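Chemist: Each chain, written out:
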Amino acid sequence: MTELFGIPLQALLGQLLIGLINGAFYAMLSLGLAVIFGLLNIINFTHGAQYMMGAFGAWFLLDKLGVPYWWALVIAPIAIGAIGVVIERTMLSKLYKLDHLYGLLLTFGLALVIQGLFQNEFGSSGLPYRLPTEFAGAFDLGFMMLPRYRAWVVVASLVVCLSTWYVIERTKLGAYLRAATENPAVVQAFGINVPRMVTLTYGFGVGLAALAGVMAAPIYQVSPQMGANLIIVVFAVVVIGGMGSILGSILTGFGLGIIEGLTKVFYPEASNTVIFVIMVIVLLIRPAGLFGRER
Amino acid sequence: MTAEPVAPAESVAPKAAVPAADPSTRAFAVATLVMAAALAAAPWVGVYPVFLMKALCFALFACAFNLLIGYAGLLSFGHAMFFGTAGYLSAHAAKVWGFPPELAILTGAAASTLLGTVVGVLAIRRQGIYFAMITLAIAQMVFFFYLQTPFTGGEDGIQSVPRGRMFGVLDLTQVMVMYYVVLAIFLAGFVAIRRVIHSPFGQVLKAIRENEPRAISLGYDADRYKLIAFMLSAALSGVAGATKAIVFQLASLTDVQWQMSGEVVLMTLLGGMGTVFGPVVGAFTIISLEHFLAERGQWVTVITGAIFVVCVLAFRRGIVGELSAWWTKRRG
Chain A
1 MTELFGIPLQ
11 ALLGQLLIGL
21 INGAFYAMLS
31 LGLAVIFGLL
41 NIINFTHGAQ
51 YMMGAFGAWF
61 LLDKLGVPYW
71 WALVIAPIAI
81 GAIGVVIERT
91 MLSKLYKLDH
101 LYGLLLTFGL
111 ALVIQGLFQN
121 EFGSSGLPYR
131 LPTEFAGAFD
141 LGFMMLPRYR
151 AWVVVASLVV
161 CLSTWYVIER
171 TKLGAYLRAA
181 TENPAVVQAF
191 GINVPRMVTL
201 TYGFGVGLAA
211 LAGVMAAPIY
221 QVSPQMGANL
231 IIVVFAVVVI
241 GGMGSILGSI
251 LTGFGLGIIE
261 GLTKVFYPEA
271 SNTVIFVIMV
281 IVLLIRPAGL
291 FGRER
Chain B
1001 MTAEPVAPAE
1011 SVAPKAAVPA
1021 ADPSTRAFAV
1031 ATLVMAAALA
1041 AAPWVGVYPV
1051 FLMKALCFAL
1061 FACAFNLLIG
1071 YAGLLSFGHA
1081 MFFGTAGYLS
1091 AHAAKVWGFP
1101 PELAILTGAA
1111 ASTLLGTVVG
1121 VLAIRRQGIY
1131 FAMITLAIAQ
1141 MVFFFYLQTP
1151 FTGGEDGIQS
1161 VPRGRMFGVL
1171 DLTQVMVMYY
1181 VVLAIFLAGF
1191 VAIRRVIHSP
1201 FGQVLKAIRE
1211 NEPRAISLGY
1221 DADRYKLIAF
1231 MLSAALSGVA
1241 GATKAIVFQL
1251 ASLTDVQWQM
1261 SGEVVLMTLL
1271 GGMGTVFGPV
1281 VGAFTIISLE
1291 HFLAERGQWV
1301 TVITGAIFVV
1311 CVLAFRRGIV
1321 GELSAWWTKR
1331 RG
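Chains as they are written, first to last, in our numbering: chain A, 1 to 295; chain B, 1001 to 1332.
In case anyone wonders, no lab produced these hints; they're calculated from the structure. Treat the hints with care, since some could be wrong.
To be verified - Derived Cβ-Cβ restraints for the label pairs, each shown as a range:
(1) Gly1297/B with Phe135/A: 35 to 43 angstroms
(2) Gly123/A with Gln1127/B: 51 to 59 angstroms
(3) Arg1296/B with Gly66/A: 29 to 37 angstroms
Being a predicted model, the structure only gives us computed values, none of them experimental. Ideal Cβ placement from N, Cα and C applies to all residues, glycine included.
Okay, chain B solo, but in the shape it has when bound (with noise of 0.2 angstroms):
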């Protein structure tokens, strides 16, 4: 307990160890207002709120997905049961215990990073392709448990979750209202992960996932930073479950499966891997994607599956990844 790291160095990390796809604070703060405008915005140009909401949901699960496999190099394949544990929890809280929709989102991201905690504690204890398939089976494990327990309704999930009234004085059941609770909490789930991302102990874990055995020789304890990143993407991953949840009045299986796993890894592999607004802008495209082609049935996975093969044999930066590039090779 007392032996903690002591770490001089990562506060003053060389200003060219910052990689080009990493805006510095300045283009960050720019571009996140230029982002949050336009999000406000959108609605009032006939972008249907109902969709940006459910694609805010998406981009902050992506964005905390991309924590762990951007910046901590491990590739959960399980992190919908994290999504689902809050959709589940804030849904039940807010119809079975009438929790007001603030406190069932909390009790949601609490779930989640609950769990999040002991599968973290059980999946860091393999590295690589096997983290992958622990998460994943611990995750289907998850699914089946949701799918017997009674609370969950099973098929039907928990169904007309009320959305109540924020804080006691705004009205979520108004769309509007409901859609600025919604941006204002992804805008401080983004901006709280890029915080994250610039700590040092976001340097350390970029240290871990570039060479973990230095790490570890310098005086880190490679596990501990690995389940505090693995935890605080679980949490988050909850907000943003559990905040779907109360949008949509619903909770179900969906939200659990493995195919929903596989989404958000799409989302940010598409969206660019280790970028900050990569994965906002995945998200955002795969949700649109699959809006225009909800009435084609089963293309909808074929076209999803063809996307990821396209993005690793040869878009492996993704959107932003090879925009930012590109804008890079430009300048010279």
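The following block holds chain A by itself, in its conformation from the complex (with noise of 0.2 angstroms):
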């Protein structure tokens, strides 16, 4: 069998991969935060408790309705997306006006309600997702057996993340939306409905959370916990990377999960840490974020 550095390239690139799925999700998670941040200013705190909703809501849809994979990657984003809206309306616009720290202690308080009440629901175990048909089985690489679902999963956070990025950086509307991150005020000036802008942006972030959450499903149990701890590690990521760029959040997200996957296979204690000791070590090199600006 091939060996690279004294390790089998199977095991070495099952990790990879594992690595990269988890990147991934780092990604999509990272880049709601980040997108979310620029125009609210909030760290949603939540966004754990939306991405574990978004899995539920796949669950939920099969289970119990018989509406496939497909259909839940659009209706539960949207639905989950639309509680964002109702969240964002009722609660998060009275804090605007008040030291951010607010909507942090706001959105970690909703969290912990949401979680709360679905393990009353559902208790603490985990809920498996059946695979869709479609996606059984696996390409033969040669070197390697590429699950098919996997592969998807890749594919799919890219392009949703690349897509998200161009809406933001290349179209009119992105570049409304970066307008009203620089300067509100004068962008509303202008004739633009801000607060409605900020709703929506609130209401986009919370679906890729939940999109995320879909994609989840099947790769990982369902529980009321999957997103709790998920969400402390994409805040790391989000040090690393700093909020001020769009790829710069995909970047780092990828980049840690294959880091994170290395280590797995070459020191396996620290896989669990590894993505907090790079955030120390960035802080004492570039304290902004490899990607972020001084504010």
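Two chains, two frames, some hints: make the complex.
Modeler: In structure tokens, the structure reads:
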């Protein structure tokens, strides 16, 4: 068998793939956080809970209503995004004039409420989500087997991330958004409905988290806690990348996923902590984050 | 080193600048004595001493946390790492090394102060929301460390820690002796925090919180002040965590989890950030709530979260803050 640095190539590539998949989720979640933070100046602690709700949405649609995966990919993010819009209108919008920390505290409280309600309803053990039949089997790449669903997750999340980047950086709508991030008052003076844009942005960011949740449902167990620990890692990803650049969030997400995967091969004890260690190193060298600007 | 900032103005701070939430020294002394008397009498009127000891440990923890958020404006979302670290170290010192309780608690507090120094140096490099995320992430790293390292006993924790005899004379296995020791530790910490807040150092901290660039332009090394505040807060959180480990004869992962960091934020927010008595009131309220909801499973999480939401939306000054605002208004 082929070996690299004394590690069987198969194991190495396998972990690399897992890393890439985790990275896909880090990228999608940190992208949503960055978009929300850009316009609302709020760190959305509820992001992990909304990701979890996306996964439960997919499970509910399939298990209770017989709605297949493909429809869940559309319905769950829109439904959870709509809940996000309600949260923004009824609660977050009251906080914009206050210290930004209140937004963090409020969304933290919401995350606890949502997680607690789901734990009451579904217990703490995970629920399985059946893999769609289209994705059964794997591609034989010659040197390794690539399960179809995992390939789909990586490709789909890349497409989602890059389309988000395109919309924000290359379209008129994105230009409004970026302008409102820089100076909402002036943009509003030009006749653009900034409050509505803020609401929709939050809804979009939440929808992105829910989409990630739907995509995660067949891979990870659908459980109430699935978002809680993930969100803390994503926070570290955000600190490492800095929230200044969309492309930066995507790159950092995938990159850290891969590094985490490789750590599992070479030094498994540190695989839980490697991202936090990198965060500490980045803070020492470049406090604003790899792609961030000092504000 | 020699360029110590000269600060003549702070000791003659105008009286009007003292906010209403901050009672005068005399009012504080009276209120503290009333609180101490009430707490000393509480077990004699039927309040369960173990419950009181738990509440007192958390009250000290919340007061230590409040020193950061209330007076330096720094929101740490990882304070459980100091609480839990001290718990593990003091439990280990008492059980494995056979330290007497006073030395075990000191060992725990020293460990959390050391950790606080390292984390503080890192975290104060960023501000606001980033500060909160960084402390949370580092605390999670510390959590994984304790989860994997053998001396903490993993999911079981360090169990049946001996309480021992404090200073060789106080037999802590007797519950009332233990209670008064905990009360004394709490009161000492509480008074020390109030002393820090009212020292010139505390005034500079408040200046930095209000306007950091201006404080820097006046010659204060803002980062150094923030770091010292962070260390003090970590040290006192450590005293609280170490005491809790000795009281319950247990150090476990619960005390280093992010939920614990959230809980101390909630206690402080509910009681009143930046008020001296607020964290104590908040801690007693939350611990009572948990006590009565203990049978109801995850509803505790739901209700805790709901209190967060209500506090942020409608009750930002907290119980003590609202009360003192109402009092000030009533007196005109």
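Chemist: All hints, please: hold or fail.
Modeler: Hint by hint, here is what the structure shows:
1. Gly1297/B with Phe135/A: 35 to 43 angstroms: Given range 35 to 43 angstroms: holds, Cβ gap about 36 angstroms.
2. Gly123/A with Gln1127/B: 51 to 59 angstroms: violated (40 angstroms)
3. Arg1296/B with Gly66/A: 29 to 37 angstroms: Given about 34 angstroms between the Cβ atoms, the range holds.
Of the numbered hints stated above, the single one contradicted by the structure is hint 2.
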